[in-house]
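Undergrad: As you go down the protein sequences, you meet chains A, B, C and D in turn. Start counting the first sequence at 2; every next residue gets the next number (the working numbering). Start counting the second sequence at 85; every next residue gets the next number (the working numbering). Start counting the third sequence at 15; every next residue gets the next number (the working numbering). Start counting the fourth sequence at 888; every next residue gets the next number (the working numbering).
By construction, these hints were calculated from the structure, which means they are not laboratory data. Misleading hints may appear alongside valid ones.
[Claimed, not checked] Covered by chain C, per the in silico footprint, the following chain A stretches (three or more residues, Cβ under 8 Å): (1) 108 to 115; (2) 144 to 157; (3) 174 to 187.
[Unchecked claim] List time: in silico DSSO-like cross-link candidates among lysine-lysine, alpha-carbon distance up to 30 Å: (4) C:K114 to A:K26; (5) C:K233 to B:K333; (6) B:K170 to B:K324; (7) B:K137 to B:K194; (8) B:K203 to B:K137; (9) D:K1285 to B:K137; (10) A:K26 to B:K91; (11) D:K1181 to C:K114; (12) B:K248 to B:K137; (13) B:K333 to B:K194; (14) A:K159 to D:K1059; (15) B:K203 to B:K333; (16) B:K333 to B:K170; (17) D:K958 to D:K988; (18) C:K108 to A:K26; (19) B:K324 to C:K233; (20) D:K1000 to B:K248; (21) B:K170 to B:K194; (22) D:K988 to D:K1285; (23) B:K91 to B:K374; (24) D:K1000 to C:K69; (25) D:K1062 to A:K159; (26) B:K91 to D:K1087; (27) D:K958 to D:K1285; (28) B:K374 to D:K1181; (29) D:K988 to B:K170.
[Claimed, not checked] Across the chosen pairs, the derived CB separations fall in these ranges: (30) D:P1131 to B:D201: 55 to 65 Å; (31) D:F1192 to B:R369: 31 to 41 Å; (32) A:F139 to C:T190: 21 to 31 Å.
Virtual Cβ for every residue (Gly too), placed ideally from N, Cα, C.
One-letter residues, chain by chain:
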Amino acid sequence: MTPHVDLGTWIAALLTLFALSFLYKDNPLFRFTESLFAGVSLGYYVGTTLNQTLMPNLINPLIHDFNQSWDLLVPGLLGVILYMRYLPKAGWVSRYALAIYVAYYIGLDFTRRLHGEVLPQLARAIVPLSHFDAHTIFYSLVFAAGVFSVLIYFFFSKEQDVVTRRVARVGIYFLMVSFGAAFGFTVMGRVALLIGRMNFLILNWIYPLFGIR
Amino acid sequence: MAGFVDKLLNIDRRWLFLLVFIGVALPIVMPIGLPVTTTASTRDAFEFIEGLKPGDAVLISFDYGASSGPENDPMAEGIMRQCFLKRLRVVICALYPLGGLQLANNSLAKVTAEFPDLKYGEDYVNLGFKDGAQAVMKRMGDDIVGAFPTDVRGTPLARIPMMKGVRSLRQVSVVVTVTTGIIGEYWITQAHPQSGVPVIVGPTAVGAPKYYAYLNAGQAVGMLSGMKGAAEYEKLLAAKYPPLERFYKSTHAFTATKGMDAQTVIHFVIILFIIMGNVATLSQRAARRKAEAR
Amino acid sequence: MNFEFGRVALVVLFAVLPVVGIALGFFAPALRARGPLFVAFFAGIIPILSLYIPKRFLSGEAGMRPRLDQWLIIVAGFALLLGIVNVIQNGTRKVARREKGWPYSVVLLTGLFITGGLGIWGAISGQGITSLPNGSGTPFKWIADNFFLPLQATIFALLAFFMASAAFRAFRARNTEATILLVAGILVMSGRVPLLEFLAAPFPPLQPAAAGASQALGKLTEWIMQTPNGAAQSGIIIGAALGAASMAIRLILGIEKGYLGLGGGE
Amino acid sequence: MRTGGLSRAQARPTLVAAPLLALLLQLLARPASAAAPETTPPPSAELPAPTSFAAIDRPSDGGGAVLLTWKDPPGLPADAAIQIRRAVPPAYEWADIATVKPGVQRYEETTAKDGVVYRYEIRATAATLAGPPVVSDPVASRDNWFAANRTNSFIATALFLAILLVSIAMAKSGKNIFIRRIAGLNAIDEAIGRATEVGKKVLYIPGIQSMDEIQTIASISILSHVARVTARYGADLDVPNKDPLTFVSAREVVRSAYLAEGRPDLYREEMVNYVTYDQFAYTAAVSARMTREKPAAIFLIGYFFAESLILAETGQSTGAIQIAGQADPTQLPFFVATCDYTLIGEELYAASAYLTREPILLGSMRAQDIAKAIVILLGILGIILTSFGLVSYPNLFKTQ
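Okay, chain A solo, but in the shape it has when bound (with noise of 0.2 Å):
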């Protein structure tokens, strides 16, 4: 089978040793991927933003429908005055912008910090230990006692006493067993993306260069 590798795959593999590289030493094919990176995500966003949420949600149903989204000038507008700021006398103008922006998304978020989370996990932290068995002991007594010991390490109001100091030890322990996992988990979520280049590089650039397979 005669080696035949489009373009595209040489440039991703080329970019792919270039990003590499870094490993050996910071040299300057590692800074033309990384700064070509930073370009081309940029172009993305501005590609991807606008087909597919500025057109669609935006500038065609004011081209078409005006009559039924004449209203979605204030925020293209607002969005237009967000950029005011880099105006140096009228920059102050495109506060009015942000400010709606960062106080809508704060306060959206807001409606999930105590009803999406602060509630349904108290609701589970609450756990009976009326019969003890070995599955009341590991899973809702260690559960609890994880949950609360937790709390009280992050409590900053009142000087540890020797009772709070001992449940806030207990509660350091729980976190390093919750980091420890953490970082069992890492170690597999980072060493994907070295098996997924590596896979691209033999199975897609390596062996269709020398015809195997």
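Following the hints, complete the assembly by docking chains B, C and D onto the known chain A.
TA: For chains B, C and D alone, kept in the frame of chain A given last:
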């Protein structure tokens, strides 16, 4: 001996890099085929989708980028294959700005090529990407057209037959968020409590530990965590669907199960590194203490 | 013209009010800070009230909140591209003044203008940025698939290497906390992959024992993740959620002004 | 003019949210779905009629829905069904709405138009037989002012809002809000002390994010404390920056710290310096500086991403005391494994509140602690109650 330990501890970083490089390359060139064991959270996700009836709507949200492709792609593609085999109505969208749309398009094209008899607009639809993740979810809770007036190619949703019965998230049987970072949490802590739609989350391994708290509280009905979660799902799919068993055995393309070989080797290498590093330091400290004692 | 209550109310709040504020702001500089905070209050309070008040004027289909959600999807699109302006400013300044590393700015700006330009062309020509009607990909898609995806994947793939070297050279069980962390980490790592099967591969007689031990290790890892880790994560979530809720209230009520670039006093 | 049928008291949303009582009331008011107790069915050609039939406006919704609830009569045949019909008085043409299987005993009728008065009728039907119809009182659907199903969330929000505003008001009025000294601050002072003894540099890295990130702001306030200690001890301070805005704030804070300690002579402009905007180039440059100058104390406090691994590893190889701090948990495992001390999660904010004594920060910290105390008390009370049988107590906190 002490000299060797000192040299070992100050070894040039690049030798360790070489070891990792080989540890990943070998299993790709010479697959070992180690067994994969399934965990409860993955089985729950699998059973939940198995419990759906043909025609039920499933929303698969691509909330990740190429930086976690090898973990998330096999999850998204595995679940898509299951939904297509069960004749569910699959709605695809992407809320991750840095590449979500690209991965949604590529995965969808790849999987639909395996199911030639499926028709766009009747069995599956791709809504594309939208900015403002939390606002999009809130809008989809009342009315999907408000957030996605058209599909990825610009066709108004009113002209897409399968979207007739799917007005908002309340008509969706389950949302599968394949995610890196925080967008998966928005689905679980905002979209689920406020619109009632059940959520299956497929986080990267880095993001998975936090989701166990949401899983415990019943805020998610199942989870595929990292490449291992994807490999487990492939095993469950192969056990239930013979056509998929043949597919996963014969395909040359990357699968999570194949990736697990290299994962095992590198996990072994890193565990060895930690133990050796600590033993070397202890022996170095003991040697120094002995030298001071004399 | 559609004058549903929701749209009109939003236009008054987020168009008329700011215009009045800006007009007054030209004369009374103090208003330049207070005006945005006043408008921000409404933008932040509508989603929260709508959670508890189902009345149609606020939460109904023609109400204020659903329409505000739709508006803010658009504003989010503009906000995402904000960072590009100062990247272009820095880049062009660096190239103009030949500051250290200016060739890399040229590479960055080229990548940005080519990819962004193709994206803009896709929007103007109506081709879009995915595939053409005849199925072949648009040039934007070609760049995204062959430049953007591999670059993003590879730069993050470097982390596996840094992780490995840090594991050997820096991860020390220097105190009780670090010891618990490393022991838990090793346990979870060996329970998440078929490690014992891998080690027993060259010794067939050991394989059944290895499989059994691996099964047990897997169960232990599941317990560690669900109970001790689940409990600690739950505690962290509650603490972080209260912190974020407190920041949200301070910002919406104008107590916290930093995000507008205003000092405490102004 | 408010039309609408007699709504059962417990289903009417209580506008005045009386705290715990409303919660228990709302809990008990939930229509019990348990079937009526089984009694011997009376033999009759006709089917028995359903009982306690109620038609009310569906609570906590945006209108357009009527909630029908009833109890299935005992002794219904297997193939029976409950048929629901509706009519608009005064013209009583009964239109079929739906048929519901026995055991459900509940139906949400969502085609109702707000304000229009309806009457509903249900009866048990089998293949040929039909039971006597039961007719509801007139009812009209409407949109409600309060989502009664979210009473618990509303109470939590109102309570937290009150606690926060009161705490901030107290802090602003100069009342002394106690915050315990975080152990990490002692570690910081010791590390600088050691650096001064060996005459080596103190390196402070404020993370790689800008000033819109809360963790960077907290890091700058800790930098101000570190600068005061280095000024007092006369140690050499070096603060490399990646973000331009953080760089400006850091230089401002270090200069005023040296002035406040009365040592303007020790302050040098290049103590706080700008390296580059690119993440990995910054990491490579700072790592090289670490190996070259071998600082005695290194601080990694602020928002870090993957570069934390390289910085912490290089710092550790130079033998320096390393103190890290980050609120976001992603990098904390690596910091704990490589650094001598780590400020974990909210400790970062507590440290900056302790140092700056800034009223809003102190007030917020106090309010969040009060809320945590309430969560702990409700939780432990819950465990006790559920252990003694009140199993439905956790449902008070479940949200819809």
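Undergrad: So, for every hint listed, does it hold in this structure?
TA: Each hint tested on the structure:
no. : hint                          : verdict
1   : 108 to 115                    : holds (count 7)
2   : 144 to 157                    : holds (count 11)
3   : 174 to 187                    : holds (count 14)
4   : C:K114 to A:K26               : holds (19 Å)
5   : C:K233 to B:K333              : holds (27 Å)
6   : B:K170 to B:K324              : holds (12 Å)
7   : B:K137 to B:K194              : holds (24 Å)
8   : B:K203 to B:K137              : holds (19 Å)
9   : D:K1285 to B:K137             : holds (28 Å)
10  : A:K26 to B:K91                : holds (21 Å)
11  : D:K1181 to C:K114             : holds (26 Å)
12  : B:K248 to B:K137              : holds (17 Å)
13  : B:K333 to B:K194              : holds (17 Å)
14  : A:K159 to D:K1059             : holds (20 Å)
15  : B:K203 to B:K333              : holds (27 Å)
16  : B:K333 to B:K170              : holds (21 Å)
17  : D:K958 to D:K988              : holds (12 Å)
18  : C:K108 to A:K26               : holds (24 Å)
19  : B:K324 to C:K233              : holds (23 Å)
20  : D:K1000 to B:K248             : holds (22 Å)
21  : B:K170 to B:K194              : holds (18 Å)
22  : D:K988 to D:K1285             : holds (28 Å)
23  : B:K91 to B:K374               : holds (19 Å)
24  : D:K1000 to C:K69              : holds (15 Å)
25  : D:K1062 to A:K159             : holds (16 Å)
26  : B:K91 to D:K1087              : holds (25 Å)
27  : D:K958 to D:K1285             : holds (26 Å)
28  : B:K374 to D:K1181             : holds (27 Å)
29  : D:K988 to B:K170              : holds (27 Å)
30  : D:P1131 to B:D201: 55 to 65 Å : holds (57 Å)
31  : D:F1192 to B:R369: 31 to 41 Å : holds (33 Å)
32  : A:F139 to C:T190: 21 to 31 Å  : holds (22 Å)
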